[in-house]
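S.K.: Spelled out, the chains give:
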Amino acid sequence: MDRIPGQIGYLLLNEDGAVISSSGDLENDEKSADIVMGLITLTSQIDPDALPNHEGFKKLSIKYEGHSYIICLSNRKIHIVKKLNSVDGAALSV
Amino acid sequence: MEELRKILLELLSKVPGLYCVLITDRDGVPVIKVLTDKAPDLATRPSFLSTFGLAIDQGSKLGLGKAKTLICTYSQYQIIQINKLPLIISFIASDTSNTGHILGLEKYIDPLLVNLTVAVADTQ
Amino acid sequence: MEKHLDRVMDDVLSNPGVTSCVFVDHQGLCLGARGKASTECAGIIGAIADQAAKLEPQHKSPIIVFENDTRACIIQRNGTITGAIFKNI
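Taken in sequence, the protein lines are chains A, B and C. Take the first sequence: its position 49, counting from 1, is numbered 49 in my numbering, and each next residue is one higher. To get my numbering, take the position in the second sequence, counting from 1, and add 94. To get my numbering, take the position in the third sequence, counting from 1, and add 218.
It cannot be assumed that every hint is accurate.
[What the hints assert, rightly or not] Calculated cross-link-like contacts (lysine to aspartate or glutamate; reagent style DMTMM-like; alpha-carbon spacing at most 20 Å):
id, chain 1, residue 1, chain 2, residue 2
1, A, Lys58, A, Glu27
2, A, Lys83, C, Asp224
3, C, Lys272, A, Asp34
[What the hints assert, rightly or not] If you want the ones that stay clear, here's a sample from chain C, every Cβ over 10 Å from chain A, calculated:
id, residue
4, Lys272
5, Leu273
6, Ile281
7, Glu285
8, Asp287
9, Gly297
Hint data in this document are derived by calculation from the structure and do not stem from the laboratory. Quantities reported herein were computed from a predicted structural model and do not represent experimental measurements. Here a beta-carbon is modelled for each residue, glycine too, at the ideal position from N, C-alpha and C.
Build the full structure now, drawing on both the sequences and the hints.
M.R.: Below, the structure is given as structure tokens:
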């Protein structure tokens with residue numbers, strides 16, 4: 001985790017949303033963990049019409065002007081990384 | 095029934111500001127209700143809930159067919175009622191709560207209603 | 219009245235890869251939808267934007283992007299209106 005360029009904090013949650021480990025800006029940030037868990041439960045209800053075959057999402061990014069949160073589910077754990085946007089602004093173009 | 099209650103409670107926790115879900119018959123008599131402590135007492139009474147029946151009858155006079163849903167917003171609350179006659183689903187929520195999200199719950203409740211509808215229809 | 223929104227939605231849809239778009243008001247009610255998205259998902263989209271905005275309330279509302287290998291869903295709130303775009307990538 002520490003090797004991700006621009007990383008300024010991370011959270012590792014289990015399936016129930018309990019914090020397993022954390023560092024940097026997100027150290028013991030249970031409030032953010034709660035919000036992200038809420039977001040993930042909402043996501044499971046997103047429109048099946050627009051997304052055929054019930055395929056889920058793999059990655060969720062929440063992009064602010066200077067930094068972003070990247071959220072991934074892997075191995076029954078939820079990884080949340082807070083990182084600075086790359087200088088060229090490529091991360092912001094959608 | 096217990097299972098139904100569990101599912102409804104889950105829905106209640108999904109939407110912020112949703113205080114209460116009631117499934118009643120057309121007279122407003124609750125078949126099942128789940129509520130948080132913030133639910134206003136008056137609004138969960140049959141006398142209030144049964145006005146929905148009158149309202150949709152009036153609404154049908156507009157010539158657009160039978161009304162499906164009724165959304166009433168008040169200064170502190172909003173009431174969303176869905177026509178599933180012989181049953182009525184009522185949601186009581188804060189006025190700031192997400193109306194669209196509550197309407198979206200309909201599709202989760204629909205499959206639960208099948209058995210209830212049969213039960214209510216039998217007794218009438 | 220909604221001509222302007224209709225035009226914006228057609229504009230959005232004309233971008234390459236965009237399959238559908240939905241616009242939602244502050245109550246989570248659908249203002250308009252184009253493409254394959256149903257109007258029913260409006261509430262969820264509003265709720266997602268609300269929830270994500272809680273993360274850093276002091277900042278401007280963020281852009282929320284859901285991705286898998288082939289598709290992306292982009293959501294952003296602007297004032298009272300929330301827009302969502304579904305696209306193939």
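S.K.: A separate judgement is required for each hint: does it hold in the structure or not?
M.R.: To see whether the hints hold, each was checked on the structure:
1. A:Lys58 / A:Glu27: Given pair Lys58 (chain A), Glu27 (chain A) is violated - Cα atoms ~24 Å apart, limit 20 Å.
2. A:Lys83 / C:Asp224: violated, 37 Å
3. C:Lys272 / A:Asp34: holds, 10 Å
4. Lys272: Nearest chain A Cβ is 5 Å from Lys272 (chain C), so the label is violated.
5. Leu273: violated, 5 Å
6. Ile281: violated, 4 Å
7. Glu285: violated, 5 Å
8. Asp287: Violated, because the least Cβ-Cβ distance between Asp287 (chain C) and chain A comes to about 7 Å, which does not exceed 10 Å.
9. Gly297: Label holds. Min Cβ-Cβ 17 Å, cutoff 10 Å.
Hints 1, 2, 4, 5, 6, 7, 8 from the earlier list are contradicted by this structure; the remaining hints agree with it.
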